[in-house]
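Whole structure, please, built from the sequences with the hints as guidance.
One line per chain: the protein sequences are A and B, in this order.
The end of the first sequence is residue 381 by the working numbering, with every number in the run present.
The end of the second sequence is residue 75 by the working numbering, with every number in the run present.
Check the hints yourself; a few may be wrong.
Simulated restraints on C-beta separations [as the list claims (entries may be wrong)]:
(1) R312(A) to A19(B): 35 to 43 angstroms
(2) D315(A) to E10(B): 21 to 29 angstroms
(3) L302(A) to E68(B): 17 to 25 angstroms
(4) E15(B) to V288(A): 35 to 43 angstroms
(5) E23(B) to E379(A): 38 to 46 angstroms
(6) G376(A) to G31(B): 54 to 62 angstroms
(7) A19(B) to G361(A): 39 to 47 angstroms
(8) H323(A) to E68(B): 24 to 32 angstroms
These aren't lab readings, by the way, just hints derived from the structure by calculation.
What you are looking at is a predicted structure, and each value in this text was computed from that prediction instead of being measured.
Don't be surprised by glycine CBs; every beta carbon is placed ideally from N, CA and C.
In case you want the letters, here they are:
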Amino acid sequence: MALETSPESPAPVRTVSGLLAEWIGRLGGIWIEGQVAQISRRPGMRTLWITLRDTEADLSLSVVAETTVVDVVTPPLTEGQRVVVYGRPEFYAGRGALQIRAREIRPVGQGALLAELERLRALFQAEGLFATERKRPLPFLPRRVGLVSGRASAALRDVTVNARLRWPAVDFEIREVAVQGVAAVAAIVDALADLNAQPEVDVIVIARGGGSVEDLLPFSNERLIRAVVASRAPVVTAIGHEQDVPLVDLVADLRASTPTDAAKRIVPDVAEETHGIAQGRARARRAVERRIVTDAQEVARLRSAGRRNLRRRIDHGLVDIGHLRARLVALSPAATLDRGYAVLRAQSGAVVRDPREVVAGDRLDARVAGGSFTVGVEESS
Amino acid sequence: MARAQGSGTEGMAYEEARAALAEVVAALESGETTLEEALALWERGEEYARVCEEWLAGAQARLNRVEEAPATASD
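The following block contains the structure:
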């Protein structure tokens, strides 16, 4: 510490305290392994104190943590538990004490495990295996559903029972396999290959009840992940878990929250569909009825327009013919005939203009105003 | 009474009869007809006019019949 002091010119506490705080603050974050000796939590306080003791030597450090950091630890933090703490050393000037400001606390044993999972997650993420564009849609009604789950497990029953409730005719191809322990990965991968080899299998469900992080490890296994990614049929996962999402959930085409939820996703609800069809039918009927009504109105409109038009044309026609007839009469000999004249015509139609044109016994056509009649010649000159 | 000469008006369409009537009137108007022709044209013209009027009266009657009939959905 670059601080010149002597009995004659001592540094005040605040200067020393400030310098210490600054120097310790420069240390940065470190991972510390130890055992929880004591937890001091005060109601209403957002921070709490943990005495972290070395696992072998009789040494300890004060750890201060926000309750939000402590509350997410699973299983919940207890005294005596071994933990790995990530935090920054800091100098608490008020009491001149050194403490570690914790950012994360992990129970020991799970630390390495979680780190490995984190590595795989980053790897798959970089490969784009979690991308939304990769997710395939599920068939509306699969011809056959492949189901991979534990032997006689609750998950198996939940999926099959609930799917049958919705769609009684659903056809399952079930592979009961070990879903935890050393044999699980190989068994599930084989089951997937087997189901994918059946062309009728349109969707595959991988179901398993909840479990601890260790129990669910197979579902984050790289070989299993690759098999799900390569699956011909879309894959639905239904894996119960409390905290960490198994990686298979992230690569699955659909992640169901529970086996019952998976059943809902893989088959339609027959009652719902029936209702939908009935509704569709009723709507179609109403639409046709509406159409008929509007068309009938249109026909009626056109009909009355047609009738009006026809009547107008008939009236015009009558006036027109009346005019033509008037001209016809005016130009014809009708006016002359009206005055009492008659025109005589021979059988040939020729007008008789001279008595010498006829002989006794001839029959002539007499045209007068009112019409025609036949006359006979009695005597000729 | 004046019957149709040459019965050519039977089954004549309205437009046909009207055109023929107009033609007769035009021929009379030309003034180049003899009395015989004028008489014959006049008589034919009357016949055409009768055909036209029958057509129009028939159409009117049909229209009236349709409009007086109760308007049912099937008609």
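Q. Which of the numbered hints above does this structure break?
A. 1, 6
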